[in-house]
Amino acid sequence: MTEFFDAVQTIPLIRYSLLAGIISAFTFGAVGSLVVTRRIGYIAAAIAHSMLGGIGAAFYFGRTYDLDWLTPMLGGFLAALLSALIIGWVSLRASEREDTIISAIWAFGMAAGILFIHYTPGQKPNLESYIFGNILVTSGSDVTATFALGILVLLLIALFYHKLVAVCFDEEFARLRGINSNAYFLLLLAITAVSMVLMVRVAGIILSLALLILPAATASRFSRRLWVIMLVAIGLTLIYNTGGLAMSFQLNVPTGPFVVICAAVVYGLSFLVKRKRA
Amino acid sequence: MNPVESSEYPTPVVAEACGLSFRYQKPLVLEDVTFRIHEGESLCVIGPNGGGKSTLLKLMLGLLEPGRGSLTILGKSPAQARCNIGYVPQALRFDPLYPVSALDIVLMGRLDRLGVGRYSKACREVAMNALEQVALADSSSRPFSNLSGGQRQRVLIARALACEPKLLLLDEPTANIDLSVEAQLLETLTRLREKMTILLVTHDLDLISAVGDSVLCVNRRIHRHSLPLSGEVVKEIYSGINRVEHDLRTRHSQGDHSACQHD
Chain A
9 MTEFFDAVQT IPLIRYSLLA GIISAFTFGA VGSLVVTRRI GYIAAAIAHS
59 MLGGIGAAFY FGRTYDLDWL TPMLGGFLAA LLSALIIGWV SLRASEREDT
109 IISAIWAFGM AAGILFIHYT PGQKPNLESY IFGNILVTSG SDVTATFALG
159 ILVLLLIALF YHKLVAVCFD EEFARLRGIN SNAYFLLLLA ITAVSMVLMV
209 RVAGIILSLA LLILPAATAS RFSRRLWVIM LVAIGLTLIY NTGGLAMSFQ
259 LNVPTGPFVV ICAAVVYGLS FLVKRKRA
Chain B
255 MNPVESSEYP TPVVAEACGL SFRYQKPLVL EDVTFRIHEG ESLCVIGPNG
305 GGKSTLLKLM LGLLEPGRGS LTILGKSPAQ ARCNIGYVPQ ALRFDPLYPV
355 SALDIVLMGR LDRLGVGRYS KACREVAMNA LEQVALADSS SRPFSNLSGG
405 QRQRVLIARA LACEPKLLLL DEPTANIDLS VEAQLLETLT RLREKMTILL
455 VTHDLDLISA VGDSVLCVNR RIHRHSLPLS GEVVKEIYSG INRVEHDLRT
505 RHSQGDHSAC QHD
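If you read the protein sequences in the order shown, they are chains A and B.
Convert by adding 8 to the 1-based position in the first sequence; the result is the number in our numbering.
Convert by adding 254 to the 1-based position in the second sequence; the result is the number in our numbering.
Simulated from the structure, these hints should not be mistaken for laboratory data.
In this text the structure is predicted, and so the values were computed from the model without any measurement.
Positions of the beta carbon are idealized from the N, C-alpha and C atoms, including for glycine.
Some hints could be false.
[To be verified] Here chain B is said to cover these stretches of chain A; the calculated rule only asks that three of the stretch's residues, wherever they fall, bring their Cβ under 8 Å from a Cβ of chain B: (1) 173-182; (2) 185-198; (3) 210-224.
In isolation and in its complexed conformation, chain B is listed as follows (with noise of 0.2 Å):
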């Protein structure tokens, strides 16, 4: 089996790739992936920019179908099991200026349990709950726009567990925020790893070493290695993210991965 299975793992799988292959149009920006992710891991995807992680994440999503090869998260396909995937985008995306308070975007985690008219207590509770758990709850009913971009960025991981994810998905969550704020967001991802599954795209060192379980490196291809990484590599990581991730890629063009520790 390729390298990237860890087969010995306790728990049940939550998501599966088997051979999977995508392309847009001629060139595959996925080839050949295989990984597994089992429940309670905590999982970090890095790679160079275009190098396929955030296809990698519309896939999982079912927002893209796979060329070759199979996806499976639950056991399911990945647009049957949306409604058990947490989804956190990234913050910059979206109109500062769209007149929502902070639990107005939460309770859209329920919006498949909205009929017609207003959500239910019931979802209210759930919406309430999850603010609580990224320390928002005092700001439930502050306007999206008056949140700084940290706040903002938990208000979205509370949209995400208002959904009440088995598997949380987070895009760079850690990007445009400043380190100040970044040391609230890197607390609530610690709470949250011991509770759930979490694949986590970031460029963000500080967060991989303390979210993450292990990494997939994604360059078209996908490579897995476990954390920590050994002392060479931390401190080339350390120096700079742009070398790293320039070494990562030239490393993994060549098909060496002698840098980063293999499972």
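Chain A on its own, in the form it takes in the complex (with noise of 0.2 Å):
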């Protein structure tokens, strides 16, 4: 372990790495426990797995075009937008099938992504560390962009907790009350976006999904109250970020399928354990 924190220590890629994950594993724990309760982890997936097709889209434009503004990570921050904001659209209009949407811009999202970087000119970009992560691309203003949009995220929690939780149980009472019940409702879908962007680039989208829906799953297991569901939530996911991101260098393994198999078996392992009733 001496060798992790010696890494931690001189090498900024891992320092940098292990800041996003902290600071990712207070977003993730809130968002998670808003999303699983709500039972909307499908949706976080398809706006996960859209966000491809932003990032394609954007190393296409822009050298292109040569817009240097045009950051990768703007373009998968504007696709998850977007498709949040077509599926919660559709979930409240309802005048098409919700899941057929979602699997829609899921599988729309990743082929345009594909193609994107199929006509990129120059060297072809890796989509794979877009995928699968790679901690190795993350820098310092990859860490400062995490933070920022955690404490918005954080900040819009705290302050609408209520009004979400209010939505997410019962939005036509909600509504009744004088809430605007679709309004908090895409609020949540954007959040959710929001936080998965953030994690993206340094664990990639399958990380990203796994860190916001199992440790959440696995708290909810253990409570019936929301708070202490995102508290439990937020710990787990520090854990895993910051002692799966040590374990797997120690082993030498990559970091994104590691820490996403241990939360899983803590997830299954959790269905061993009785649920608590009182």
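Two chains, two separate frames, one set of hints: put the complex together.
The following block contains the structure:
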């Protein structure tokens, strides 16, 4: 383990990943709990995968038209927000089957990403690092962006906690009490999209999704109070992100997949413990 | 005027419908509906499934707009009067695993007073008071998922009471609740009846006789019948709700309301 601590001190990349992991543990624990209890994990999954389309588009247009400001993460961010709004709108209007739209956006996003990369001039970017993550691309500015967006997400949740809970539990009643239920549902999806973007650079789409869902799902097996679930999920994510990084470094295995497996195994083991009733 | 009206009632009008019609698509769900509800009245709404009971509730809550005719509540449009209406939906509609406590749910009745952040102390007091009224103050911190069906329904009534309503609308509060639990719910509603105007959608005849002053039969059109129902009707009613429903439906469709006493 001392090797890892040495590395944290001497290698900036490891330090940045560790910092990004610690910061996003808070947003993921809080947002993941809202997502899991509201049963919209599959919407989060579609949002995450659609990001690939935005990342590919950003590479293509950025290179083709020399747009330096169009970074892959900005593309991913816009794609995530857009798909969150589309899914939210369909889900609220119910003019088409919600799950159909979710699958369509999921598939379209990934396919578009790969096509854009195919036509991107110059050296082809490695999409795999966005799917499975690559801590070697983490930079100081990523950490700053993660921190800023993380604070924004947590602030929104703290300010609107009770309204979000009310809308998640009973949107009709919330509407009758003068709350704009639709706006709060879209806010929840937007918060989910933003939190995912935070982690995709460091951890990739698959790990981000796993970290959003699995700790909150594990926590929700042991508590029936949302804020407790949030705290437990934050704690679990902290352990996965720091411990997972350290152990994968020590064992010399890819960090992202290693952390996903750990989180999934703990979730699986939680079924062996009897669900608390009182 | 329509026989539905009870003009000699001594208290002010809380809700008034005049020539109200509504359709989702082609067929009319409600047609030329006229009634008045006066302050302190306790009305039970009965009628066959698909007869328009839920539609009437939604119109009164302002969730739907009337196609023709007018509907006013406390002199305002339903959407404007919302803050004075306490609504109790069916408990079965909710995700039983959603991690909220009884008090969390009751506090939702104060959502209109919530800015950002936490509920005020005053809101918490109102919510606790509402839980006391349904005899669940001891269970305030228990998760919703651990409450029995009857307790869940009472929590939802407390949530409506936390709105400090002038009119209480309940949608089949005894549906899917076993008989032993129902007694408590009946007691709660009997007590509330003294304090506020109640409109109750129900199939439950015990509930009608315990809580109702009169009955609104909704089957596209509305007919009002006073309680207690005549002996013959009561006998019919107690021999089985399905038969009553069927019977009422048949008679209504034939334009025959002799089985019930009109006002």
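Hint check:
Counting residues of the region 173-182 of chain A whose C-beta sits closer than 8 Å to any C-beta of chain B gives 8, which meets the bar of three, so the coverage hint holds. By the rule of at least three residues with a Cβ nearer than 8 Å to a Cβ of chain B, the coverage given for the region 185-198 of chain A holds, with 3 such residues. Only residues whose C-beta sits within less than 8 Å of a C-beta in chain B count toward coverage, and the region 210-224 of chain A has 0 of them, not enough to reach three; the restraint is violated.
The structure shown violates just one earlier hint, number 3.
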